[in-house]
Amino acid sequence: SAVISQKPSRDICQRGTSLTIQCQVDSQVTMMFWYRQQPGQSLTLIATANQGSEATYESGFVIDKFPISRPNLTFSTLTVSNMSPEDSSIYLCSVDGLRSDTQYFGPGTRLTVL
Amino acid sequence: ILNVEQSPQSLHVQEGDSTNFTCSFPSSNFYALHWYRWETAKSPEALFVMTLNGDEKKKGRISATLNTKEGYSYLYIKGSQPEDSATYLCAFRYGGATNKLIFGTGTLLAVQP
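First to last, the protein sequences are chains A and B. Note that our numbering gives residue 61 to position 61 of the first sequence, counting from 1, and the numbers run on in steps of one. Note that our numbering gives residue 1030 to position 30 of the second sequence, counting from 1, and the numbers run on in steps of one.
Calculated from the structure, these hints are not laboratory results. Each hint should be verified, as a subset may be incorrect.
To be verified - Estimated spans, in silico, between C-beta atoms of each pair: (1) A:Ser1 <-> B:Gln1081: 20 to 28 Å; (2) B:Glu1005 <-> A:Ser59: 16 to 24 Å; (3) B:Ser1007 <-> A:Ser1: 23 to 31 Å; (4) B:Thr1040 <-> A:Thr20: 22 to 30 Å; (5) A:Ser81 <-> B:Tyr1074: 22 to 30 Å.
We put the CB at the ideal spot given by N, CA and C, even for glycine.
All chains should be built: construct the whole structure from the sequences, respecting the hints.
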């Protein structure tokens, strides 16, 4: 299994500001995934981040709102830009296991936008 | 649109009770079905990955079954303990996009001592 850490663990932000969430993995991985869970909703994939290429965004998510960096094989960041209260969610990063039979998740970043 | 549904939404049981939850998913283009346990402020913990119709997996007091033809999976907890309190998520992984997980909204289990 992979050990994944995220920073910050939680934050309270003002409308119109941006927050960058960091995800660190204890081993090199090809793909990293970013999810969010809005209150009462299911975990939803935002984008897939490969090292050395642009992230691939799911329907309903755009790069201007959720820019992602993937500078190396153990680290990624997700920025939530120009935040509104609707962005209040838990944001999680994940990676595939060695045999790609499951995904391992970080502990999440709980974001509240006022 | 791929939809994964879980029921019940929440469940309150007494310590020692046995309980079960349901996950419904599309029966076509199946690749795998995942179960996770998610405690507040912790990482979702992978419980099972199930791939074959009729699969039955067990981990301690927790077990799961899979029916890919009709598109459902059951998770059972025998003799619930307070430490079993968590949200239980299922996620569907479909063929052709094998890295993508489609999650249900989860079942919140509260076990009273």
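Hints, one by one, checked against the model:
no. : hint                              : verdict
1   : A:Ser1 <-> B:Gln1081: 20 to 28 Å  : 23 Å, holds
2   : B:Glu1005 <-> A:Ser59: 16 to 24 Å : 20 Å, holds
3   : B:Ser1007 <-> A:Ser1: 23 to 31 Å  : 29 Å, holds
4   : B:Thr1040 <-> A:Thr20: 22 to 30 Å : 24 Å, holds
5   : A:Ser81 <-> B:Tyr1074: 22 to 30 Å : 41 Å, violated
The structure fails to meet hint 5 from the earlier list, while all remaining hints are met.
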